[in-house]
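Engineer: Chains A and B are the protein sequences, given in the same order.
Here my numbering is used: position 40 in the first sequence is 40, and no number is missing along the way.
Here my numbering is used: position 191 in the second sequence is 191, and no number is missing along the way.
Keep in mind the hints are simulated off the structure, nothing from the lab.
There's no promise every hint is true.
[Unchecked claim] What follows is a list of derived Cβ distance ranges for each label pair: (1) 10/A x 324/B: 55 to 61 Å; (2) 65/A x 77/B: 36 to 42 Å; (3) 41/A x 280/B: 52 to 58 Å; (4) 381/B x 70/A: 44 to 50 Å; (5) 256/B x 81/A: 51 to 57 Å; (6) 304/B x 10/A: 40 to 46 Å.
None of the values given here were measured: they were computed from a predicted structure.
Ideal placement from N, C-alpha and C gives every residue a C-beta, glycine not left out.
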Amino acid sequence: MQYLVSVITDSIDRADPDEQAAIDVFNEQLQKDGHWVFAGGLGAPSTATVIDNRGGQGLMTDGPFTESKEFFIGFWIIEAPDLDVAVKLATEGSKACNRKVEVRPFL
Amino acid sequence: MNGTDTREVIARAHHEEWARVVAALTRRFGDLDIAEEGAAEAFATAVERWPTDGIPPNPGAWLTTTANRKAIDRIRRENKRDDKHKEAGVLSDIEPPAPLGAIDDDRLRLIFICCHPALAMETRVALTLRMVGGLSVSEIARAFLVQESAMSRRITRAKAKIKAARIPYRVPSEEDLPLRVTGVLAVLYLVFNEGYLASGPDTDPVRDDLTAEAIRLARLVRALLPVDGEVAGLLALMLLIEARRTARVSAVGELIALDEQNRGAWDAEMIAEGHALVRERLATGMAPGRFQILAAINALHTSARDVRDTDWSQIVALYDQLVRVEPSPVVALNRAIAVSELDGPEVALAAVDRLQDQLVEYHPYHATRAELLRRLGYGPAARAAYDAAIERAGNPGEIAYLTRRRDQLG
Numbered sequence: 001m002q003y004l005v006s007v008i009t010d011s012i013d014r015a016d017p018d019e020q021a022a023i024d025v026f027n028e029q030l031q032k033d034g035h036w037v038f039a040g041g042l043g044a045p046s047t048a049t050v051i052d053n054r055g056g057q058g059l060m061t062d063g064p065f066t067e068s069k070e071f072f073i074g075f076w077i078i079e080a081p082d083l084d085v086a087v088k089l090a091t092e093g094s095k096a097c098n099r100k101v102e103v104r105p106f107l
Numbered sequence: 001m002n003g004t005d006t007r008e009v010i011a012r013a014h015h016e017e018w019a020r021v022v023a024a025l026t027r028r029f030g031d032l033d034i035a036e037e038g039a040a041e042a043f044a045t046a047v048e049r050w051p052t053d054g055i056p057p058n059p060g061a062w063l064t065t066t067a068n069r070k071a072i073d074r075i076r077r078e079n080k081r082d083d084k085h086k087e088a089g090v091l092s093d094i095e096p097p098a099p100l101g102a103i104d105d106d107r108l109r110l111i112f113i114c115c116h117p118a119l120a121m122e123t124r125v126a127l128t129l130r131m132v133g134g135l136s137v138s139e140i141a142r143a144f145l146v147q148e149s150a151m152s153r154r155i156t157r158a159k160a161k162i163k164a165a166r167i168p169y170r171v172p173s174e175e176d177l178p179l180r181v182t183g184v185l186a187v188l189y190l191v192f193n194e195g196y197l198a199s200g201p202d203t204d205p206v207r208d209d210l211t212a213e214a215i216r217l218a219r220l221v222r223a224l225l226p227v228d229g230e231v232a233g234l235l236a237l238m239l240l241i242e243a244r245r246t247a248r249v250s251a252v253g254e255l256i257a258l259d260e261q262n263r264g265a266w267d268a269e270m271i272a273e274g275h276a277l278v279r280e281r282l283a284t285g286m287a288p289g290r291f292q293i294l295a296a297i298n299a300l301h302t303s304a305r306d307v308r309d310t311d312w313s314q315i316v317a318l319y320d321q322l323v324r325v326e327p328s329p330v331v332a333l334n335r336a337i338a339v340s341e342l343d344g345p346e347v348a349l350a351a352v353d354r355l356q357d358q359l360v361e362y363h364p365y366h367a368t369r370a371e372l373l374r375r376l377g378y379g380p381a382a383r384a385a386y387d388a389a390i391e392r393a394g395n396p397g398e399i400a401y402l403t404r405r406r407d408q409l410g
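Chain A with its partners taken away, still in its complex shape (with noise of 0.2 Å):
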């Protein structure tokens, strides 16, 4: 079961010198307990580009979908058996990287 752990902020710094080094340790603590698949980090939402080709018409627009005080500036998808073991894993991400996450499951 798969688990997407999305990296929320409100300002568009990148993480700091700690912060760094504690998500490398956090990494590979993933990868040695068998939950790491992928992460990486997202660039600012002023780097943001939506298309809707719902009419055929390619219509590109710049900027986020949407608006807001927060957005997501990074995420990790890992691997565990349930919502309990993701929590876990999330809550330990959450401190290494010093930013709020969100937890959703793939489908």
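With chain A held as given, fit chain B onto it using these hints.
Structural biologist: Leaving out everything else, chain B in the frame of chain A:
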């Protein structure tokens, strides 16, 4: 046996066996929806069949077997419809797995899945009443004054989240257990409090169906976790409050304050049971949590044959202990009420006034101030405080009480 007797047996079986049937099916099928629908169909079949066929020798086993069959029928129908066969494995497994040990009781796991911290508190309450308590969706909706359709959506969403996010059906691990039990107890206390002081203008001041259900579920949790001090504490607390229920409402539906209650009308049996639990906890010598301290306070109240015999210095000492465990303004307010009995209303009023910023929207803050101001002889200020309390109170019995107290000021 006549029809009335059969109906009573079915009602009792529903009360005693619902959670067990739902829990057994949840373990087997891993799906709360299937478990609940299977259980509901089994009870519907009992209502149909038992009056003519007679009551089976072991109603619980009959209900579980029937619920299992109904669930399998449903899965087969659905598999045919959408051509999914992932549940096929369970279909050949007709014999239910062997029962597990006490701590692994299915019902305990059911309680923990319903009270999972990943669900909103109000959702946990609704789901616990539905899946563990067996209350109908319309009963739960009525209890919490929301539309049945809204309550139904809330429960459906919760079940879907449990399934999709894979919230596990298990008793939390040793290290997580204390924290998770706290959540379960919070849910039961919410149910009890809604019964004890119903929040809405259109309900009875006291909902004894809800207080009784909370006590029943607390007894169940205590049977499953007999060594947990806070479980015992919450059960004792509920019993000691519930024991005063009939003395707490007047013939015209007005709430009666503790000092004006007819103590002869208190339920002696419940008080004895509550006191025994409090003594049992004291004997362990372990540091008590919030519910154990609250139970001890209520044990002192219910030990006094006359309000004048109340041991206020002990009660204040217990509130001091409670403030350390739970440093909230509401606890500070209740402590001030006890202080007024020990050190007089002036000292208490000073303590209460310090809570104004935090509690200005909390009606007991104004009601407490009103009583203290009355005792100090500040009529107009007391009247204004009663008005502020009445404006914010929701319970009709309490509003009646406050209104009478205000109008007595003359």
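Engineer: Now, for every hint given, state plainly whether the structure supports it.
Structural biologist: Taking the hints in turn, this is what the structure says about them:
| no. | hint | in the structure |
| --- | --- | --- |
| 1 | 10/A x 324/B: 55 to 61 Å | 36 Å, violated |
| 2 | 65/A x 77/B: 36 to 42 Å | 40 Å, holds |
| 3 | 41/A x 280/B: 52 to 58 Å | 55 Å, holds |
| 4 | 381/B x 70/A: 44 to 50 Å | 46 Å, holds |
| 5 | 256/B x 81/A: 51 to 57 Å | 54 Å, holds |
| 6 | 304/B x 10/A: 40 to 46 Å | 55 Å, violated |
Hints 1, 6, counting from the list given before, are not met by this structure.
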